[in-house]
Amino acid sequence: MTSRPVTFLSRAEAILGTREAQSVDQGMRHLTEMRDVAVAEFPIMDALRDRARVIRLHALANLDRLLSHFADQVIEQGGEIHFAADAEEANEVVARILEATGSRLVVKSKSMVTEEIELNAHLERRGIEVVETDLGEFIVQLAGDTPSHIVTPIVHLDRHDIGALFAEKLGVVETVDPTELNQIARDHLRQIFLRADAGISGVNIAVAESGSVITVTNEGNGRLVTTAPRVHIALLGMERIVSRWEDASVILEVLARSATGQRLSTYTNVVTGPRRDADEDGPEQLHVVVIDNGRSQILGSDTAEILACIRCGACLNVCPVFRTVGGHAYGTVYSGPVGSVVTPGLLGMEPWWELPYASTLCGACEEICPIRIQIPSMLLKLRARAAAEGRLPGWLERGIRRYTTTVYTPTKWERAKRLAHWITGPISRDGWIRRLPGRGSGWTAYRDFPRPARESFNTWWRFNRGS
Amino acid sequence: MEGPTVQLVVTCLVDALRPNVGRATVTVLERAGCRVEFLAGHTCCGQPAFNVGMLTEARRMAGHTLDLLDVTQGAIVLPSGSCADMMARHYRELFAGTDREQQAERIASRVRELSQFLVDDLGTDLRASCDGCLIAYHHSCHGLRGLGLRHQPEELLSEVAMAELEGSDECCGFGGMFAVEMPAVSAAIMNEKLDRIEASGADTLVGGDISCLLHLEGGLRRRNSKITVQHLAEALAGNEQ
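Chains E and D supply the protein sequences, listed in that same order.
For what it's worth, the numbering used here labels the leading residue of the first sequence as 89, then goes sequentially.
For what it's worth, the numbering used here labels the leading residue of the second sequence as 23, then goes sequentially.
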């Protein structure tokens, strides 16, 4: 991964005020508007959200049973199933399948779990060429960048960036016309599809009853990845499963609307087993790799509900913090409100404990979530975990402790208010302070701070209304 | 007519930084026919500690609040959606499974944000008046999404000229300690909000939470803006407080 500054705030500060920040904000507002339009014309959306929540929570509560049934069905359909405890194991499983099948060139459709385990880098180290075929991911790969959003990975770039990139890396004449840019990528990728030995995809939904894996895309590249090459490897985050087809249909309805405001994604690709004798196309081998990589740990914790997420990205799109700084500020694959809950769970509290603090707790994420996941409440739980583990910066911990002791005792609080009023006299004008010392300087770098009142409400009440 | 007795909780920020908002709240409640009681010993609901995750400190403050209020009667009214949300929703979580569980439930069920109390409980016909003003209303997040407040402040402001504020239900970037921990991000969100407030043509910004309002007013001052900022209680009390 590209090396970036170490804290959320320093990464965010590097992005604030740049064109990247502007592009993200515009993109997020556009996606939210489209989502709102799609939901407005779909009166049963709220009822389906309730249903989707029940389906996902049921799946989590029965995950062991569903996964075992799913595995049986994959085998029954002629596929092979693999379980990987962590990223290293998952990468190794994939590399071995590719080596065993003599695969040198691999095409990929968009998959966040492969970003999570950093599969591309691992395969490249083994001498295997990997080409991303989702347009956004293709651009990310070409630029040596990382995705800035889980659904729209290049929302931080605009067509000028992409035109320049294509000219530099693909040797084409520079253009900023979106149709031409699309055609350039298409021509380039089509040749690679024809030569590819294997295809790697993620899984949006696995269906236990039939052993099927569903991927949704808007470009059709996912369908080529899973049908054209000889070998198809599908990587499944172990929680992304439902019992039955009727459950999957509910998830698809809320997923497309929440993610991009579509009634249904352009391509809903279902793979059940490899090619059969009568089939005209499809891979000779289908491998499904079920990946844990920290998910069991989340499942056993007080943030288990976050595993019900279907990765629509709607919470990113409405988050005031995400809109302002974009996904790169989060420093890892899963960004925004859901990422701030998932990441400390998957990768550990250090150094990711600070992500739950990168939120104003405004609640827009929970309000829009198609699964009604209580994200703010989980951010608070992770904050409590961070505080209990002694991870808070000293100034914050001491400040809150001192504040609590002061407000707990009314006489101390009265004294503190009076003192605060008098000592701020020399630095105040018209009742406002332009520059505070210490940690307060962060506040006054951007806004004035009100001078504490001469007479508090308590004092006024005592003299005017007290009995 | 003898109206209900209410227990006023002004919040620590109003107490220390904007006592006028507390006085305006008293004026408005009395005008609505209530008998207002106030506990001098009460200071803070514990939200600052709760939001940074320091639950021991949060429980200490919240427990103190519960004990004080438990010997009183009637609705507990706060001129703040955020603190009301803390007491109405989060106290239940904070004390779930402890020996204060029932006490927290008792207090939580009595908690009302000011506009919620005036409109939903009293069905008041009080309306804000402001001659020649054009008001933009900022819906603070915890009141809006935590307590579901929207029509209540809108009804109370139904007789004044309202500016159309784009994204009036989007966060202003305050976020409590977030504003101090991540000031640059907080301010970037604030500035987008301030651009919209200025673009709305409003000359007065009104809201239900002094925390968000002081953050926004501090930002407006930095821009040398002429827009004045009022708490909803002040807008309702008018000049007679």
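Treat the hints loosely; a few may be bogus.
Said to hold, decoys possible - Lysine to aspartate or glutamate pairs mimicking DMTMM-like chemistry, simulated, CA-CA at most 20 Å apart: (1) E/Lys469 <-> D/Glu214; (2) E/Lys257 <-> E/Asp246; (3) E/Lys500 <-> E/Glu543; (4) D/Lys248 <-> D/Asp225; (5) D/Lys248 <-> D/Asp217; (6) E/Lys469 <-> D/Asp89; (7) E/Lys257 <-> E/Asp233; (8) E/Lys257 <-> E/Glu217; (9) D/Lys248 <-> E/Glu543; (10) D/Lys248 <-> D/Glu186; (11) E/Lys500 <-> D/Asp89; (12) D/Lys248 <-> D/Glu214.
Said to hold, decoys possible - Sample of chain E residues facing chain D (criterion: CB under 8 Å; computed from the structure): (13) Ala183; (14) Glu187; (15) Asn306; (16) Arg550.
What the hints contain is simulated information worked out from the structure, not anything from laboratory work.
Ideal placement from N, C-alpha and C gives every residue a C-beta, glycine not left out.
Here is how each hint holds up against the structure:
no.: 1; hint: E/Lys469 <-> D/Glu214; verdict: violated, 29 Å
no.: 2; hint: E/Lys257 <-> E/Asp246; verdict: holds, 17 Å
no.: 3; hint: E/Lys500 <-> E/Glu543; verdict: holds, 15 Å
no.: 4; hint: D/Lys248 <-> D/Asp225; verdict: holds, 7 Å
no.: 5; hint: D/Lys248 <-> D/Asp217; verdict: holds, 13 Å
no.: 6; hint: E/Lys469 <-> D/Asp89; verdict: violated, 25 Å
no.: 7; hint: E/Lys257 <-> E/Asp233; verdict: holds, 14 Å
no.: 8; hint: E/Lys257 <-> E/Glu217; verdict: holds, 16 Å
no.: 9; hint: D/Lys248 <-> E/Glu543; verdict: violated, 26 Å
no.: 10; hint: D/Lys248 <-> D/Glu186; verdict: holds, 18 Å
no.: 11; hint: E/Lys500 <-> D/Asp89; verdict: holds, 19 Å
no.: 12; hint: D/Lys248 <-> D/Glu214; verdict: holds, 17 Å
no.: 13; hint: Ala183; verdict: violated, 40 Å
no.: 14; hint: Glu187; verdict: violated, 46 Å
no.: 15; hint: Asn306; verdict: violated, 27 Å
no.: 16; hint: Arg550; verdict: holds, 6 Å
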